[in-house]
Amino acid sequence: KIAMRRSRAAAVGVAAALLCAACPAYGFSARAALGPTAVRVLRRPPLVTAVAVAAAAVAMPDGPTPQHPLPAPWPYVTVGSKVVNLYSVVFLAVNIIGLCVAYPLLAVAYTFSFLFDRKRRRAMDAVVALWARLCLTLFFFSRVRVEGVENLPPRGQAALYTPNHCSFLDIFSLSGFLPRPLKYVSKVEILRIPLIGWAMQLAGHIALRRTDRRSQLATFRDSVECLKNGNNLVIFKYNNNNNKW
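The working numbering puts the first residue of the sequence shown at 500, with every later residue one more than the last.
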């Protein structure tokens, strides 16, 4: 628990320092953009009865615990002691299909970026955006609506974005439909995932080892350099359970 608290405090310290100390000119743009701007995934919700949700809420007034977890989202299957959501299985298959399409383009984009655009790698960002759009389109024809585009900073002006983080679909929605190229500060475990993590490394996203203070300082320096190079940077200020870091 102590290590988790320290890592969360360090993570929010990196974000606050970036916003206030490293590039104060970008702070107002980021806040102005994120206030009225919303990126939401719109598709049919899972068929979970209201009675089951209400019963779970009454039984767990203080939130889910290991002894009283939230009900598994429908549809799901149980494999041994593991609960596997079928939506996740389908989305994994969609990602594999999308990567088969995107990786030849990524190879071309990386070669171009390495030769002519090492600091920003805009060609890589364009391919990532195409891949994210393709994945969400194939994922039960999900529709994404972006609200408040007029409040975004002008194109070419770097900004720090700190959106909420509720699920893995947040990254695909932002990358594919927010009309700005983005770099992410991501936990290092994500960048180690085959294919997906490799693409993120090639695109110039920033890794963070959450329990390593030396890595946190390196992440700070890399983030400052990323903003100075004219890139938009995304730091999720919430974890997947929507709790503050």
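Since the hints were made in silico from the structure, they are not lab data.
Some hints could be false.
[Said to hold, decoys possible] Calculated pairs, EDC-like style, for lysine to aspartate or glutamate (alpha carbon to alpha carbon, straight line, at most 16 Å):
#	residue 1	residue 2
1	Lys727	Asp616
2	Lys736	Asp669
3	Lys618	Glu724
4	Lys618	Asp721
5	Lys686	Asp711
6	Lys686	Asp721
[As the list claims (entries may be wrong)] Derived DEER-like restraints, expressed as beta-carbon distance ranges:
#	residue 1	residue 2	range
7	Lys727	Trp697	47 to 57 Å
8	Val578	Ser714	27 to 37 Å
9	Ala592	Trp697	12 to 22 Å
10	Asp616	Leu591	43 to 53 Å
Backbone N, C-alpha and C define an ideal beta-carbon position, used for all residues, glycine too.
Looking at the structure, which of the earlier hints fail to hold? 7 and 10
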